[in-house]
Amino acid sequence: MPDTLPPETPLLVTLRVNEHDHPLALDPRTTLLDALREHLGLTGTKVGCNHGTCGACTVHIDGRRQLACLVLAAAAQGRDIRTIEGLSDADGALHPMQAAFVAHDALQCGYCTPGQIMSAVACVTEGHTRTDAEIREYMSGNLCRCGAYPNIVAAVRDVAQQKAA
Amino acid sequence: MQPFTYARPASLTEAFTLAQQPGAALLAGGTTMVDLMRGDLTAPSSIVDIGHLNELAAFDTSGPVLRFGALARMADVAEDATLLSAYPALAESLQLAASQQLRNAATVGGNMLQRTRCVYFRDGVSACNKRVPGSGCSALDGITRDMALFATSEKCIATYPGDWGNALAAFDTSVEVSSASGTRTIPFAELHVAYGDDPAVETTLRRGEIITAILVQATPAGRCSTYLKVRDRQSYAYAVVSATVALEMQGDVVQSARVSLGGVATKPWRSHAAEAALTGVTLNEQTALAAGHAGFADARPLAENGFKIELGARAVARAALVASKRI
Ligand SMILES: Cc1cc2nc3c(=O)[nH]c(=O)nc-3n(C[C@H](O)[C@H](O)[C@H](O)COP(=O)(O)OP(=O)(O)OC[C@H]3O[C@@H](n4cnc5c(N)ncnc54)[C@H](O)[C@@H]3O)c2cc1C
Ligand code: SF4
Ligand code: FES
Ligand code: FES
Chain A
1 MPDTLPPETP
11 LLVTLRVNEH
21 DHPLALDPRT
31 TLLDALREHL
41 GLTGTKVGCN
51 HGTCGACTVH
61 IDGRRQLACL
71 VLAAAAQGRD
81 IRTIEGLSDA
91 DGALHPMQAA
101 FVAHDALQCG
111 YCTPGQIMSA
121 VACVTEGHTR
131 TDAEIREYMS
141 GNLCRCGAYP
151 NIVAAVRDVA
161 QQKAA
Chain B
1 MQPFTYARPA
11 SLTEAFTLAQ
21 QPGAALLAGG
31 TTMVDLMRGD
41 LTAPSSIVDI
51 GHLNELAAFD
61 TSGPVLRFGA
71 LARMADVAED
81 ATLLSAYPAL
91 AESLQLAASQ
101 QLRNAATVGG
111 NMLQRTRCVY
121 FRDGVSACNK
131 RVPGSGCSAL
141 DGITRDMALF
151 ATSEKCIATY
161 PGDWGNALAA
171 FDTSVEVSSA
181 SGTRTIPFAE
191 LHVAYGDDPA
201 VETTLRRGEI
211 ITAILVQATP
221 AGRCSTYLKV
231 RDRQSYAYAV
241 VSATVALEMQ
251 GDVVQSARVS
261 LGGVATKPWR
271 SHAAEAALTG
281 VTLNEQTALA
291 AGHAGFADAR
301 PLAENGFKIE
311 LGARAVARAA
321 LVASKRI
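Protein chains in written order, with our numbering: chain A, 1 to 165; chain B, 1 to 327.
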């Protein structure tokens with residue numbers, strides 16, 4: 001967003017992120033992704049393509065996975081937003097999916113990982129984990145340039161099986 | 001992104017008033033709109049966010065007319081049990097579109113109105129009659145592999161990309177639209193226009209009109225249907241070609257057929273020629289392929305997209321064989 005544009009009247013927007021309300025004054029053009037990273041300092045949610053193609057910015061909105069780069073912050077008012085920072089327990093214990101990513105070495109550079117994990121948690125909740133093929137299909141919105149895909153599928157399968165057990 | 005004001009109407013009535021303002025644009029799931037605005041491919045002066053208006057989000061697939069509220073989410077409609085068994089082609093067209101993150105946000109109304117993925121339109125700089133009327137068309141002597149073979153014009157050859165719209169074209173579909181001045185119903189075949197003098201005009205919607213629902217006449221052919229999508233990679237990609245086929249069968253004989261094609265036309269494309277070729281024939285690999293070829297008899301290939309004729313014909317043939325087994 002170039003800063004040569006005339007300043008716009010800020011919008012007063014309250015975002016509920018990881019169970020805390022954050023009142024913000026935002027340019028209407030601000031996306032949820034920019035609000036999280038630039039205004040709330042929650043940099044766990046990554047900017048990849050900024051076009052909806054890579055999944056690095058995946059967050060949960062009212063419990064469903066969505067792409068923060070394609071949601072206006074103003075449109076996310078009144079919704080329950082969860083980011084990777086809100087996934088682990090208050091005492092810092094890892095979410096089972098985070099632990100599974102560690103156990104299965106499901107990353108290399110780690111850039112896509114927050115988005116992968118947010119997507120994977122939702123994939124299990126949705127029940128789209130009946131076969132490896134289904135896991136791959138429903139995780140296809142998250143790209144990994146390092147190609148950690150086989151281990152990502154293993155981590156998702158593992159958590160789905162733990163849940164079923 | 002150009003500056004805009006943001007409004008969140010509390011009711012549909014309020015939305016009608018706001019949508020009438022010059023320069024206003026509707027925002028539903030935002031997955032097309034935010035991207036187009038960020039690339040300066042569109043620059044509305046005001047955004048009317050209707051995404052939260054739940055009265056437009058319900059859908060009912062059980063009656064004599066299937067009714068999809070314009071704001072129903074793609075992910076929800078894709079998993080509707082009735083649709084999956086009675087109209088698999090419609091459910092599949094959504095399941096095979098975009099990714100689960102996008103389908104959770106995107107609406108079935110917004111999906112129909114998404115804009116072409118033509119690279120010259122999207123790059124924001126090339127000459128493009130659709131983005132800057134009168135500037136020319138870079139695709140005409142550019143890379144034509146992904147361009148259309150039907151309903152093209154001297155001014156624009158871009159394909160219509162929406163899977164849901166391409167599948168809806170095979171059915172008796174109409175679109176209910178409302179504005180401050182009333183409600184009307186548009187046959188789906190008349191919602192999108194073939195490109196005439198101004199390829200920037202893509203639909204027959206008038207200023208201030210909001211799509212409230214998509215209506216599909218129930219048909220027994222729905223059950224014997226499939227949406228076959230051919231992509232450059234296995235998942236999460238637009239169609240190179242797609243075929244929707246819905247049949248009414250008596251034994252091996254096709255009583256009636258509905259066929260539409262995707263990835264090959266500038267608008268959702270129903271193929272009456274393929275339908276005629278299927279009707280009354282005993283379905284087998286040869287007759288199915290002949291119908292596929294009939295569907296492309298009038299195709300106008302460009303330098304690099306002629307391969308879509310054979311690919312598309314085979315997609316129709318395979319879809320017909322798959323659909324015929326769903327009795
Ligand atoms: C990376 C990526 C991959 C994709 N892959 C596919 C794919 O494979 N297949 C596919 O079909 N789609 C695909 N899409 C497109 C996606 O499905 C559409 O962006 C989405 O369906 C649009 O719906 P929306 O609710 O988000 O619309 P919005 O972005 O909110 O709106 C889209 C347009 O429709 C207008 N509009 C919205 N609702 C109404 C209404 N009720 N009345 C009148 N006008 C309205 C808006 O003003 C805007 O012009 C992809 C998108 C991305 C970003
Ligand atoms: S094909 Fe259409 S959208 Fe693509 S550059 Fe030409 S005018 Fe623009
Ligand atoms: S940054 Fe949102 S999908 Fe890539
Ligand atoms: S771990 Fe590097 S992009 Fe996925």
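Among the hints, erroneous ones may be present.
Computed from the model, here is a short list of chain B residues facing chain A with C-beta under 8 Å [what the hints assert, rightly or not]: (1) Q20; (2) A24; (3) G51; (4) Q100; (5) V322.
Simulated from the structure, these hints should not be mistaken for laboratory data. A virtual CB, placed ideally from N, CA and C, is assigned to each residue, including glycine.
Failing hints, ascending?
1, 2, 5
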